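K.L.:
Order-wise, the sequence lines are chains A and B. Mapping of the first sequence onto the numbering used here: residues 1 to 425, in sequence order. Mapping of the second sequence onto the numbering used here: residues 1001 to 1234, in sequence order.
The hints are simulated quantities; they were obtained by calculation from the structure and are not laboratory data. These numbers come from a predicted model, not from an experiment. Some clues are possibly wrong.
Stated by the list, open to error - Between beta-carbon pairs, the in silico distance windows are:
id : chain 1 : residue 1 : chain 2 : residue 2 : range
1  : A       : Arg316    : B       : Ala1023   : 25 to 35 Å
2  : A       : Ala301    : B       : Asp1119   : 34 to 44 Å
3  : A       : Arg411    : B       : Asp1123   : 27 to 37 Å
4  : A       : Leu295    : B       : Ser1047   : 36 to 46 Å
All C-beta atoms, glycine included, are put in the ideal place defined by N, C-alpha and C.
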Amino acid sequence: MRPARLWRLARGNLARELGALLVSAGGVALGIGCLVFFLAMGRGVRKVVGDVFPVSTREVEVVVPQVGIGSFLGEMKLDEALVARLRALPGVAAAYPRLALRIPAVTRYNGLFFGRELHMGLELVGSGVPADLVAGDARMPFADEGEGKPIPIVLNRRFLEIYNKVFAPQRGLPTLTDTMLVGFQFPVELGRSYVAGKTLPQAYETALVLVGFSDRAPLAGISLPLEAVRRINARFGQDTGSYTSVLLRAQDSQKVSSVAAAVKKMGLELDESERNRALQIGAAVELVTVALSLLATLITALAAVNIAQAFYAEVRERTREIGVMRAVGATRGDVASLLLVEAAATGIAGGLLGVLLAFTGGWAVDALARTALPDFPFKPQSFFVFRGVHVLLGIGVAILAALSGAFFPARAAARLDPARALTAE
Amino acid sequence: MNGNVIELRGLQKSYPPREPGGARTELFRALDLEVGRGEFVAVEGQSGTGKSSLLHILGGLDREYAGEVKILGRDLRGLDDPELSALRHAQIGFVFQSFNLLSSLSALENVLLPDFFGDGVPDAHARASEALATVGLSDKASARPTALSGGERQRVAIARALVAKPPLLLADEPTGNLDARTGQGIIDLFQRLHREGMTLLVVTHEKRMSRAASRVLVLERGELAADPTLEGSA
């Protein structure tokens, strides 16, 4: 039977059985709606996790072991030679050493802060990073210009989100954007600690200027040019020959595991605390998404069983009609194809309806979240990320479920004895 | 191939016993029949003698039999499902007592039903309109079966059987559900088809139908015999 004729005949049957088929399509729509909804929600929540814990799939943080064989054989240092060895490891594209500011530092701000009076004293934690690590994110030069000049700093993007969502509302401070803050200058007193209540003899005041926000900057602290930190540490007589950590960027994500193994073989460790946290949360989200998707698949499977029952009933009702079709030249294949096309159409209708349900559900949840949930850091505009693949998957699974449900009824219809079918009551 | 449209040689059919240990019910013992091209054969018989079963076997709808059945020179036993379907599609028209129209389709679409299958029907729409005109229902083309009278439904069913212009028409009690006047219209139509050269085998209880046939056979106790009370008028 030619496809156009098959569809014409199926269309007539679909119109006649509209009520029953709508019920079948509704069952499929429910399952597919849940499936697409949960998949989009899983992707949306993973995106939020990615925003809160941005983890590069190509990078690892190398640190010296706290306690290890190296401690007994002589303290291991992340010096230039070791950084060079790390840089030379197979699969490593770049190595970015980090150097902690090894002296206390505080900032005290008294004055107008974007139109509001601000009086604040803060203990600062800082680390030096190579300019090329954050250069892409800095809006102003990120280079140490020497003593007496403001030191450029970069903050983690999440810092601004936490300020805007938690710190500022509680204190009646203005909400800020990164554009507003770039170029903001504030004083810093190096060599002084409010917490420890001490001031080093060489303590002095200078200024910091914010030049940008970057995901690569540590959340707790400020990132300064490596040369600036080295200069300050030297001024205070601190160690300048070793780094605190080294960020290794692999040539591609596939090579991260071999790079990590090579690093451990060198007796070094990987600081994977944040990465592990992100991976654990990501895995938990993944697990919940899979569980909910399985539940949705189960609903779809039940819809397929419902379709099977509906089509068995339809075959029983249409037995004589099937006999007539066989009498005028329909083959067994034609009869089976006719029912399967009707099932596929039911599946497509159910799939489209399900996708529409999922989109509507997502929109409703987002609308509710916008009004009912308080503003919190990293609160997304939407908890859902709908992709074209979700729509295709939803419709594909719906068609598959409908065809699976109709398979045995279609086979039974094709196997009907035409003579008996014609005399069926 | 000789001039016979239908050839039966030693056709036997029986049904399994209804109760365990019972005997099989013999429907046909060893039927022989030859129907030549252009014949109009009426088959009479009491209810339950197997008239409809005979039609189903001749149409390749029932394959549970012994013996030889040839339609237009082709042994049905040697045909697979697609070949049998193609034979029914192009060579055999069926008319049933209970019309068997598809309620979801209009009269014209019902007539066009064979066009949905196989290679379709050449000039299907023109032929369907022509077939409806032949049965006098041109003005009912778009009507649904539920909006038609019994006679009109049967005429639509006949138009459906004619649309592929098959050389053989098999009809099972075509006037069985119709009043006398409407039934006579169907008989007249069959006579006209016969005059135009079509081969017809009609199972009937209707004496008027039998009188219109060129040959009348009686199916009784599993055997076919010429009706001693009637001689075909055509």
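K.L.:
Hints first: check each against the structure and report whether it holds.
P.N.:
A quick look at each hint next to the structure:
Checking the proposed 25 to 35 Å range against Arg316 (chain A) and Ala1023 (chain B) shows it holds: the Cβ atoms sit about 32 Å from each other. A hinted range of 34 to 44 Å holds for the C-beta pair Ala301 (chain A) and Asp1119 (chain B), which are about 39 Å apart. Checking the proposed 27 to 37 Å range against Arg411 (chain A) and Asp1123 (chain B) shows it holds: the Cβ atoms sit about 35 Å from each other. One distance hint, 36 to 46 Å for the beta-carbon pair Leu295 (chain A) and Ser1047 (chain B), is violated here, with the actual separation near 58 Å.
Checked against the numbered hints above, the structure violates only hint 4.
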